[in-house]
Every structure is written in C-alpha cells, then in structure tokens.
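2 protein chains.
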Amino acid sequence: MKAILVVGDGMADRPIRELAMKTPLQVANTPSLDKLARNGICGIMDPISPGVPAGSDTAHLAIFGYDPYKYYFGRGPFEALGAGLEVAPGDVAFRCNFATVNEDMIVLDRRAGRKIESADTLAEALNCIKLNSFPDILVNFKHTTEHRCALVLRGPGLSSKISDSDPNQNDILMLPIKPLDDTREAAHTANIANELTSIFCKILDGHPLNEIKRIKGAKVTNAILLRGAGILSKEIKTLNERYGISAAVIGVNALVLGVCKAVGMQHIKVEGATGTVDTDVKAKAKKAVEAIDRFDFVYVHVKGTDNPSHDGDCEQKIQCIEKVDDLVGHLLDNIDSRESLIAVTADHSTPVKLREHSGDPVPLAIIGEGVRTDNVSQFSEIDCSYGGLGRIKGIDLIPILVDLMGKSKKYGS
Amino acid sequence: MKAILVVGDGMADRPIRELAMKTPLQVANTPSLDKLARNGICGIMDPISPGVPAGSDTAHLAIFGYDPYKYYFGRGPFEALGAGLEVAPGDVAFRCNFATVNEDMIVLDRRAGRKIESADTLAEALNCIKLNSFPDILVNFKHTTEHRCALVLRGPGLSSKISDSDPNQNDILMLPIKPLDDTREAAHTANIANELTSIFCKILDGHPLNEIKRIKGAKVTNAILLRGAGILSKEIKTLNERYGISAAVIGVNALVLGVCKAVGMQHIKVEGATGTVDTDVKAKAKKAVEAIDRFDFVYVHVKGTDNPSHDGDCEQKIQCIEKVDDLVGHLLDNIDSRESLIAVTADHSTPVKLREHSGDPVPLAIIGEGVRTDNVSQFSEIDCSYGGLGRIKGIDLIPILVDLMGKSKKYGS
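If you read the protein sequences in the order shown, they are chains A and B. Per the numbering used here, the first sequence runs over residues 1186 to 1598. Per the numbering used here, the second sequence runs over residues 1186 to 1598.
A hint or two may mislead.
Copies of the same chain look alike in the list, so a pair counts if it fits in one copy or across any two.
[What the hints assert, rightly or not] Below, in silico cross-link-like pairs of lysine-lysine (DSS-like), each with a Cα-Cα straight-line distance of 30 Å or less: (1) K1467 / K1300; (2) K1594 / K1363; (3) K1446 / K1594; (4) K1592 / K1419; (5) K1255 / K1578; (6) K1446 / K1595; (7) K1578 / K1538; (8) K1404 / K1300; (9) K1578 / K1422; (10) K1594 / K1346; (11) K1454 / K1592; (12) K1446 / K1255; (13) K1595 / K1255; (14) K1422 / K1594; (15) K1594 / K1419; (16) K1207 / K1592; (17) K1595 / K1578; (18) K1595 / K1422; (19) K1592 / K1255; (20) K1207 / K1578; (21) K1315 / K1398; (22) K1255 / K1346; (23) K1595 / K1538; (24) K1363 / K1592.
Keep in mind that the hints were calculated from the coordinates and are not lab data. None of these values were measured; they are calculated from a predicted model.
Construct the entire structure; sequences and hints are all you get.
Structure follows, in structure tokens:
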C-alpha cells in the first residue's frame, strides 16, 4: 500500500461573519473533498499542539513525524535546502530578501517591488564572494522566487544565534545584526553577516542592472535583508531510514521543499506549478498519479490557499480551496484505493480575519483500503471534528499512514 | 468502588470486504457489549500511540499504566514470570519453543507439531542442568502451553543483548546466537546460550520419550529454540504501590500473565480457561464475580480473539467475540454497578486481513456509578470513536479507572 498526502497550506480557517459564520472550507464548492470525507475517516489535527500556531516549516516537520521542538533550529537552512543550496552541519543559513534602501539605509521596500527583474543575475553577482576580514568563510547565495533568496555561510566557529537585519516593515532603518548570546561564535557570525550585508549593498548598488533601472526611474534592488538564521539538526533520519518508505514531493515553495528535502524526499518538478493562486493543480495531480508508481509516499503541497489568507482575501481563498478540490478530484478518479491511500489536510490554520497563522486544529481525511470509515460527509473544520480519528497531533499522522500502508513495525511481541 | 477490566486480545479490526465493509465486532451478535456501550461511556484508545502496532506485552504494560518505552526490555522475562519462574534483576530470560530438527540442525518444525506429548517431563529433564564451561550459571527451564517454554539464566555478568536461535521459519538452519553489542557481557551470554542449546539438544535427542516416538515413527521433540532475550526493568512498582489497589488476573496466556505478575497481580486459576476458542468464558466470568469481592481490580484476559485474527479466520474471530460478549453479559447480570465498574477493550487491533497487529486504535467502554454516559449504542471500532471519552492512550486507562474508583490522588491543592 502507498499513500498520497495533499496539504492545502493555511487552508483551515475560523467562522467569518460575511460568510454567515461559516468558514471558507464550508462555503467553497468541494465535491471531491466531501467525497473523500464521506468514504474515508476524518479527524482534526493539531499541527504542533492545541493552541500553538505553527509555521509552515515547523508544521511540515511535525506532519512528517519530526518533533519540531527537537528538529527545528531556524528557518534559514530549510529555505536554503529548498532553494537547492547545500547545507551541512555547522553551516549557518538565512532566508533573504532583495530590498530597496535609500542612502541612509532606510528600507523603502522590503521586497524591492516583489517582482525582481533579472533576479538570478543579481544573485549570481553575490554568490561565492570573498570577505577580506573573514577569508575562511564560504558564501553561497541563491535566488528562489520573486524577492526571496537564500544564503549559506560555511566556515569554522559559526553560530545561528544572531538577529535579523530585516526590520520587518518599511520606512525604518535596516537593522545591524547582533549576537543573541554571549558566545564568541555569535559575535563572530554577527560581524561576518554585517560585513557581508555591506558588501552585498555595494555590489548591488554598482550593478549595471541597477544603473539601467536608475536611468529608467525604476525601483532599484540595492540591498539584501537577512533573517531566520538557523542551523540544521545534526541527525535528521530520512523517512526511508525511519519507516522504509521512498518519498517524493510535488510543490514549489522553497521553505516547504527544504523541509521535504531534509527528510529525504525527492523533488518532482511540475510545469505550471507556481505556488500562487494560478497554479496548475491538474498538472500537479497528474504528476502525483505518475509518481505514486515509483514512490511509496507522494506529498503534494498547495501553497495557493495560504497567500490570500495572509492578504485577508476571503474570495480568493475560496477559489484556491476549490482548486485543491479539483486536485483531489483528479486523484480520486485516477488512484486505485486498494493500491494507495489519499489523505488531505492543512499544515495550519490561517484565518483570513487574522491574516496570520492561528493555533486552531486543521481538518484531516484519509481514504483507502483498510481505513475505518465514519459518518462524516463534509470536509470542514467542524465536520471533521466528529470523525473517527478524533483529535490527533501532527506528529501522529505519518505513523498512522505508515501503519495503514502496512509498513509499521510492532513494538513488543 | 472496584473495577473489572475485560480485554479481548486483538479483538479490534478493520472493515472487511466479505463482511460488507464491516468489522468482526460490528457483525458479531454482541447484545451485552452494546448494552455496556449504551449505558456507559465509550472512546477509542491507542494502546501505545497512534499508528504504532503494540505487542501483547507492551500493550498490557501500557494499559496497566506503565510506559512500555520505559518498562519493556524484551519479552523473555514476562514469558518466564507467566510460566511461574522467578525472574530477578540481572537475570536474562527467554521465550522458548520445543522444536524438531534434523541431524544437520535444519529446523523441520519450529513447534514440534504444536501438541507436545509429556512436555512437562521433557522440560523437567532440561531444568537445573549444569554447564561445564559456565559452572556459576543457574538454568531454570519450564514448559507452559503446547510447544511453548520459558528459560531463565542467572549468574554474574549476563546481558540480554543477544540474538535468537529461532530462525522464525521452517526448513532453514537453527541460528547461532550472537552478541548484539560489543560488550563482554553480550559475548559471554551468547556463548552460554549456544552451549546450552547444544546440551538441550543432546538431552532431548537421547530422551526415552523420543526413543519411543522414533519407534512409533512420530515427530521427535529434539531441540529448543530461544528468542526474545530480555531483562526485567529494575523498578516496577506494583499497582498497589502506585494506586493502593489490590489486583488479580484471570487468564492463561503466559506472556500476559507475566506482565500481570510484574505489576503485582495475583493469578486466579480457572478450570476450563484454555486461552483458545474453546475457553470456558462463563467459568471465567464467575471467577471474576467471586474475585471482585476480594480484590479492588480484577483483570480478565481473553486470548481467544487474537488467534483466529492471526490465522485470518474471520468466522472464528466473530465466534470468539461473541464469547467475550457472553462473558460481559454474565458480569453485567451479576455485578452491582454501584459497587464495581466494568470496562471492556482490546489490547491492540489484529485485522484478520493483515494477520498481524496493526496500529489502529481499539474501542473502549466503561460502565458503572459515576460514569458520564454518552450517545454511543454499539460497541465497535467506529461507534466508540464518537464516544464521550474521545481518543485516549493506553497509559491513561488505569488512571481513569482508578479515579472513577475513588482512589486517585489529587495533584495540587
């Protein structure tokens, strides 16, 4: 038995007055999700634990069976892994933004307009640069999507205990990076990060692409904001090592891909998958159906549901949920339930009224041979709470799926 | 308030196509279990944790309130305790099989035909033997049921980190026992176990009972297979020490009895209790009714439901479930609900289609004075999931019962 897990990022919500106190999941037209709920087993799941809002990174760690309190040491390394950079033990990695600053280093736009022209070329100019004061530090820098980049520092005596340069809002000064503890390593790494930031700014400022922008009167991309410094947990055993299952991921979000790679999933690229509302869910579903022939476990991540939640855009969230429904519909039509389970959930709730992740549990449904079916007939936050799975934790999901796949190991005799 | 806990071993299951996607519990005629569900509180229980298949030993430890990850160091000591052998700290104990091997030590029958004639006499010939190379090692050997025996080694410097000689299938060589770590103790114990195995074979081979079998042309019982080497956790406080409750067990399975003895239960023998499908459940129920006068907690174990599950025999499983129902019916008729709780559950799921333990939760129902009753009216894997207990873990069961018994201790003021 195999398994496909579909996650609608931030898909779960709270009742909304404008929707007559229903949630987007309840209002959206979701015949396939409801079919899955009706013919499968449902429940609700606390990604980390009740009332604790999970990030996409910590939620994914938990959902893949890795206690985030044990395996999470900052966002940076997952972002970097997802971007395709190598992250080794001892490396310190960052999530970065292309940004626009003025001559006083006041951040005019934390995202430099979000759509960065020739971002890869700009990033290339920053990759592998040498620092005069720190000649033994290797710098790896890479652009991912829009304004987003990743940075990995490699060298002796580094620490992730340093603050961000990203002020997290516009029109204030870029922050100097400071050590967050009293160790020599933290002070050393803060110094490196500050020198690097100033060199990055110099290189970008003098880059021909920015010269052209200035002539055009366009917004320049003349700074890099660093945040989420982190290291990788030393001993992340892969899903294969833990459960003897080969695994692949279909998705584009760098942070989530990073977590997937860290647990040993192979990335399957899909033409038309964008990580936004216009993503081609049918293409993703088709790839998943293909991939389940080659892998025991295929993880399909749909980022689109989270962005409108953060933007407070209820209507677009409903549209994205309906796209998740389309995706699941294609799976239901093309997957033999005697050969593969299909599970659908969210990595966390992102209530549109909150525009941020909340600690509410998320709905979960599993269908396939061997599953005990319950009476739930709708896939929603409340309906699923009446389901036969009860209320579980994110960390229990993979053990449950692995057991239904017939790959669990008995403890005792 | 007192409590009787009835466990149908491996009683829980998954939906079965031949039963119109119902489980054996749903199909069996169980008026008494359903009455208990209707008038009591129901829930589902993960013996260890969601998706983790429990052994009967680890499940029983958990259900009695002992974290199996803390208290389980191999099956052997529980098997030996259950057989009536003494197991002290430092002893290494094994589960053993009478077996039939040929002159090349190829295992012809791991169970020597299962029904061993004069097994007690054969076992007696192996008990208390002395090893020439290891004069300070005491050997205790005892027959339990059918082909099953238990062995306890006592002496200085022993370790349980050794492999089995049981190859776990017929027609291949008996395995040499090997140390599983680099310690002197493991190497020493492996040497002892190998010498013992060869002496056991010699004694059995020359035993007059086997001479007779050879003359008759019957299958000889000429080898002992060792497995499940283990030690006892040093500090198992009894249920009485933990909760101030006196406890007794009614059952015959050596492994389960061993766990019961380890947590301080007194064994009540019942004429007609066999551990198989033909067990006299009425006799067990009568003994339980008698015993609850003398003990605070009476545990009734019915092994019969697990064997047909492992054999894939759905019909016999249903019959055995109906026997559990008879047992519970007798309890309901003869126990005053103001004086004693009755709780029924399974130690783990053993889906007949899987023929092995699975990690699915098991149904649970509790009846008696003080219990909050819910809307569940059928005792089944799914119906109980809608119950007022929600989804609990095995380790929570005894604290819940002890609290309903009025014997719990407040934490805080």
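Going down the list of hints, with the structure as the test:
1. For the homomeric pair K1467 and K1300, the shortest alpha-carbon distance inside one copy (26 Å) is at most 30 Å, but the shortest distance between copies (60 Å) is not.
2. In this assembly of identical chains, the alpha carbons of K1594 and K1363 lie at most 30 Å apart only when taken from different copies (22 Å versus 47 Å within one copy).
3. Taking the shortest alpha-carbon separations for K1446 and K1594, both the intra-copy value of 24 Å and the inter-copy value of 27 Å come in at or below 30 Å.
4. Proximity of K1592 and K1419 under a CA criterion of 30 Å is satisfied intra-copy only: 26 Å inside one chain copy versus 33 Å between copies.
5. In this assembly of identical chains, K1255 and K1578 lie within 30 Å of each other by CA distance both inside one copy and across copies; the values are 16 Å within and 22 Å between.
6. Proximity of K1446 to K1595 under the C-alpha cut-off of 30 Å is found in both arrangements, the shortest distances being 27 Å within a copy and 23 Å between copies.
7. Within a single copy, K1578 and K1538 get their C-alpha atoms as close as 25 Å, and across copies as close as 28 Å, so both meet the 30 Å cut-off.
8. In this assembly of identical chains, K1404 and K1300 lie within 30 Å of each other by CA distance solely inside one copy; the values are 11 Å within and 81 Å between copies.
9. Proximity of K1578 and K1422 under a CA criterion of 30 Å is satisfied in both settings, with 20 Å inside one chain copy and 26 Å between copies.
10. Only between protomers do K1594 and K1346 lie at most 30 Å apart by alpha-carbon distance; the minimum there is 19 Å, versus 38 Å within a single protomer.
11. Taking the closest pair of Cα atoms, K1454 and K1592 come within 30 Å of each other only inside a single copy of the chain (27 Å); across copies the shortest separation is 39 Å, beyond that limit.
12. Proximity of K1446 to K1255 under the C-alpha cut-off of 30 Å is restricted to the intra-copy arrangement: shortest distance 17 Å within a copy versus 33 Å between copies.
13. For the identical chains of this complex, K1595 and K1255 are neighbours both inside a copy (24 Å) and across copies (16 Å), given an alpha-carbon limit of 30 Å.
14. For the homomeric pair K1422 and K1594, the shortest alpha-carbon distances inside one copy (16 Å) and between copies (28 Å) are both at most 30 Å.
15. Taking CA atoms no more than 30 Å apart as the test, K1594 paired with K1419 passes in both settings, with 25 Å inside one copy and 26 Å between copies.
16. With identical chains, the CA atoms of K1207 and K1592 are at most 30 Å apart between copies only, with a shortest distance of 23 Å across copies and 39 Å within one.
17. When the C-alpha separation of K1595 and K1578 is checked against a cutoff of 30 Å, the pair qualifies both within a copy, at 20 Å, and between copies, at 16 Å.
18. Taking identical chains as interchangeable, the C-alpha atoms of K1595 and K1422 lie at most 30 Å apart whether they share a chain (19 Å) or sit on different chains (26 Å).
19. Taking CA atoms no more than 30 Å apart as the test, K1592 paired with K1255 passes in both settings, with 24 Å inside one copy and 24 Å between copies.
20. For the homomeric pair K1207 and K1578, the shortest alpha-carbon distances inside one copy (24 Å) and between copies (27 Å) are both at most 30 Å.
21. When the C-alpha separation of K1315 and K1398 is checked against a cutoff of 30 Å, the pair qualifies only within one copy, where the shortest distance is 27 Å, while the shortest distance between copies is 85 Å.
22. In the homo-oligomer, the alpha carbons of K1255 and K1346 lie at most 30 Å apart both inside one protomer (17 Å) and across protomers (28 Å), since each shortest distance falls under that limit.
23. With identical chains, the CA atoms of K1595 and K1538 are at most 30 Å apart between copies only, with a shortest distance of 16 Å across copies and 45 Å within one.
24. In the homo-oligomer, the alpha carbons of K1363 and K1592 lie at most 30 Å apart only across protomers (27 Å), although the nearest pairing inside one protomer, at 47 Å, exceeds that limit.
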